Amino acid sequence: MIARRKIRYPVSQALRQYLYHFDRQRDIPRVYNDLGRFSGAIPYEDPRGRETLWLTVMYPPDVFAELRPRLTAIYTELKLGRDAQQHEHLVVDRIDFGDFGNSRPFRIRVTNLFNDNSDYFYVKHADASRIYGLELEHILSPNRINYLVNGNTLIEEHIAGVPGDMFLREYLNQPGLNKVRIAKEFTKF
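For the sequence shown, our numbering assigns the number 788 to the last residue and increments by one with no breaks.
Hints are computed from structural coordinates only; laboratory data are not their basis.
These numbers come from a predicted model, not from an experiment.
Do not take every clue at face value.
Said to hold, decoys possible - Straight-line alpha carbon distances no greater than 20 Å define the calculated SDA-like cross-link-like pairs of lysine to any residue that follow:
1. K605 to S728
2. K678 to D626
3. K678 to F766
4. K605 to F766
5. K605 to Q624
6. K678 to I627
7. K678 to V690
8. K605 to F699
9. K678 to I744
10. K678 to H757
11. K605 to L652
12. K678 to S728
13. K678 to K605
14. K678 to N749
15. K678 to R706
16. K678 to F699
Unchecked claim - Now the in silico label distances, taken between C-beta atoms and shown as ranges:
17. H688 to R636: 43 to 49 Å
18. R743 to R636: 29 to 35 Å
19. N742 to P646: 23 to 29 Å
20. I758 to R681: 30 to 36 Å
21. G680 to S740: 31 to 37 Å
22. F713 to Y608: 37 to 43 Å
23. L735 to Y770: 24 to 30 Å
24. S740 to L652: 33 to 39 Å
25. E665 to D698: 18 to 24 Å
26. S740 to R708: 20 to 26 Å
Even for Gly, the Cβ is constructed at its ideal location relative to N, Cα and C.
From just these sequences and the hints, can you work out the full model?
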């Protein structure tokens, strides 16, 4: 699939100080390596039944029991901030792994049992170039980019929207699409 990957750049002490100063360096559980302890995987299919680049991974019960509270703690800290209490109404109901890109991400789906709404966040290998990109995007974008770092674990909030390849394939040529507005949004983003 991918012949060569980008070089991973370690997070320097100066970058860690910057992250600490702007409250991005947090004492969240370091889970990236533990998420790699899955025992099986099946291809994840989109709603139309086509395979995606994601694999839905499965864990032995004891490993998942260990991961679940750590992942919900990360989610609540990402969404609510420091000192957020654990919420028993949040359930990790799916973990996907992407063996693509430089960060080899895990996509975590969390469901709120009170309203049955689901949300995602991503766990990636912390890489200085990725962190610099996220911070630059946060500074330049009109939208807030939320991410946290601890050790080799990078947590990114899910940004809702249509993936770029799907937009190009299915939406760009629709007759009612205002291409000037799209260009302005793209430039603003």
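Q. Hint by hint, which ones does the structure fall short of?
A. Those not satisfied are hints 3, 4, 5, 12, 13, 16, 17, 20, 21 and 24.
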